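Protein chains: 2
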Amino acid sequence: MHIGLDMMGGDFAPLEAVKGLQEFLQKNSWNATIHCIGNESVLLPLFDAHSINTSTVKIVHAEDTIGYHEHPTKALREKTQSSIAIGFRLLATGELDAFISAGNTGAMLVGAMFSIKPMEGVLRPTISSVIPKLNGSTGLLLDVGLNADCKPEQLNQFAILGNLYAKHILQIDEPKVALLNVGEEEGKGNLLAQATYPLLKENKHIHFIGNIEGRDIFNDKADVIVCDGFTGNILLKMAESVYDLTIKRGIEDNYLQRFHYENYGGTPVLGVAKPVIIGHGISHARAFDNMIRLACKMIERDICGKISQELLS
Amino acid sequence: MHIGLDMMGGDFAPLEAVKGLQEFLQKNSWNATIHCIGNESVLLPLFDAHSINTSTVKIVHAEDTIGYHEHPTKALREKTQSSIAIGFRLLATGELDAFISAGNTGAMLVGAMFSIKPMEGVLRPTISSVIPKLNGSTGLLLDVGLNADCKPEQLNQFAILGNLYAKHILQIDEPKVALLNVGEEEGKGNLLAQATYPLLKENKHIHFIGNIEGRDIFNDKADVIVCDGFTGNILLKMAESVYDLTIKRGIEDNYLQRFHYENYGGTPVLGVAKPVIIGHGISHARAFDNMIRLACKMIERDICGKISQELLS
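Here the protein sequences come in this chain order: C and P. One point on numbering: in our numbering, the residue at position 199 of the first sequence is 199, and numbering is uninterrupted. For any residue, its number in our numbering is found by taking its place in the second sequence, counting from 1, and adding 1000.
Only chain C is shown next, with the shape it has when bound in the complex (with noise of 0.2 Å):
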């Protein structure tokens, strides 16, 4: 299996990247190739003095790199040196199986839904978060952020998607699926959850157990939760404040501690024909190691197949 792996993506790139990749490759237990995009003037010193052996991955020099507060689709369309631009393209033709920034992240999503697109049957891609459980269990929350505005019947094909990733990815037999709501009763909700609900029931494809509330968001009723990327969002950020605030107030909690993004990695874009895993700009090595591991994954696991086998199906 191929991997891109831009290089120059994130707060910390591309140090931290190098690290990452070392990690990777001390135990690369999936005999994976890494395609390492970047300046290549940049990266051999930095492979050299993290004792990367250049012969073990492939080096793809990027001249140019997308910073963070340039415009996605203008940035992708110009700078076509750049490393998010040239991941994009060995995607596309096929050199690459999955690619991975923790760069701009809108140029990694006007290029996972442009220059990859939408699989046949998926109405809308969508991004999701893993949930730490209280039990130890982990669980999926999606949209959180790629759908502000969301139709019912968008809510209803998240279910699935995420329901696949729940099954292949997270390794969660049967998957409890579940719409977040105000209240527990069919009926209860905005209007949006109201018109969802009976999708959601009459939908063969999941599992569906019903509405849960906020509060039952880190415990053991459902694996899988379905919201409109607006409230996802909101809900995932302020869940990733809890951990910080947890380490400013001291407290050390094995619990707590798997708040932290980079026990994650990345957030995979489901519905698009290739994985594409988006990381946090703040990405320190252990978050790129496990975006690798996750790319390899998704590869192995054939995540995008399963996805439009059972939407075609």
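The set of hints was computed from the structure by calculation and includes no laboratory data. For clarity, every value in this text was computed on a predicted model and none was experimentally measured. Note that beta-carbon positions come from the ideal geometry of N, C-alpha and C, so glycine has one too. Treat the hints with caution; some may be incorrect.
What the hints assert, rightly or not - Quick list of in silico lysine-lysine cross-link-like pairs, DSS-like style, CA-CA up to 30 Å:
id, chain 1, residue 1, chain 2, residue 2
1, P, Lys1188, C, Lys151
2, C, Lys176, P, Lys1237
3, P, Lys1248, C, Lys237
4, P, Lys1188, P, Lys1204
5, C, Lys237, P, Lys1151
6, P, Lys1248, P, Lys1019
7, C, Lys248, P, Lys1167
8, C, Lys221, P, Lys1248
9, P, Lys1237, C, Lys133
10, C, Lys237, C, Lys188
11, C, Lys133, C, Lys188
12, P, Lys1167, C, Lys237
13, P, Lys1188, C, Lys237
14, C, Lys188, P, Lys1188
To be verified - Among chain C residues calculated to face chain P with C-beta under 10 Å, some are:
id, residue
15, Ala148
16, Asn181
17, Asn219
18, Thr231
19, Asn233
20, Leu235
21, Met238
22, Glu240
23, Tyr255
To be verified - Simulated coverage check for chain P against chain C, where a stretch passes if three residues somewhere in it have a Cβ under 8 Å from a Cβ of chain C:
id, region
24, 1141-1150
25, 1207-1221
26, 1233-1240
27, 1249-1255
Assemble the complex: chain C is given as a structure, and chain P must be docked to it using the hints.
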């Protein structure tokens, strides 16, 4: 001032209501007369057991109570001798200046909306929650569930109501008002947030500081945070569950302690003509004590009058 307290509302009523009343009366720095609405034959022995001198309170006998699972409108109409129905009658006739119950939330809302009614100029009443800030101060989030679907003009008015509450009840000099959103820049967000931003920007009644994100809820960027009731309700319940899980994990921390709902007692309904405070079903003594003190503040500082003036100005 005359405050009506439903002694029969809440999972641990009447015992915890009696204990909370006892706590309040021990200091009663407000010189308030508490009208204890409930079943006299149940209350008298409890008052006796908790050394509450019945000459210091008024007992209003209520033959009936509205249960948790009863239909709000139907129960309020049919159970005319229930503590909630009696409370709203006394509030409407002016015998009470405020009414508090930890009973059936739906019945409390229906009573607030239909027997007390929104004041002139109010598009939709709202409920809020206080937010413990990491810097020790207290913020306000609204709406937290009364209005699952909102219009931009409603959010714009919630900002005014929240601003006045923050100023006069939380005693924040010039509250910083923000719109909860998925990004900081104007133009970000779902259709509702996009349409609300320009209204808030032009709103002369408030000091609008722009959008804040989910990660900013507990920091000091904003004092008053405006959102639709769907998002707010889910956030509030999630925050409450974070408190619960720190307890489960055996974490003791002064800041996280402040997330305990008992510290705030209850949620006032803002925008109705008289103070109505709705308690959490699981209210214990401290919550009842705090709700009575909140009612005193709301009466003394004439928050309803100030809202009315501001909306008509």
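Numbered hints the structure breaks, given as an ascending list: Every hint satisfied by this model.
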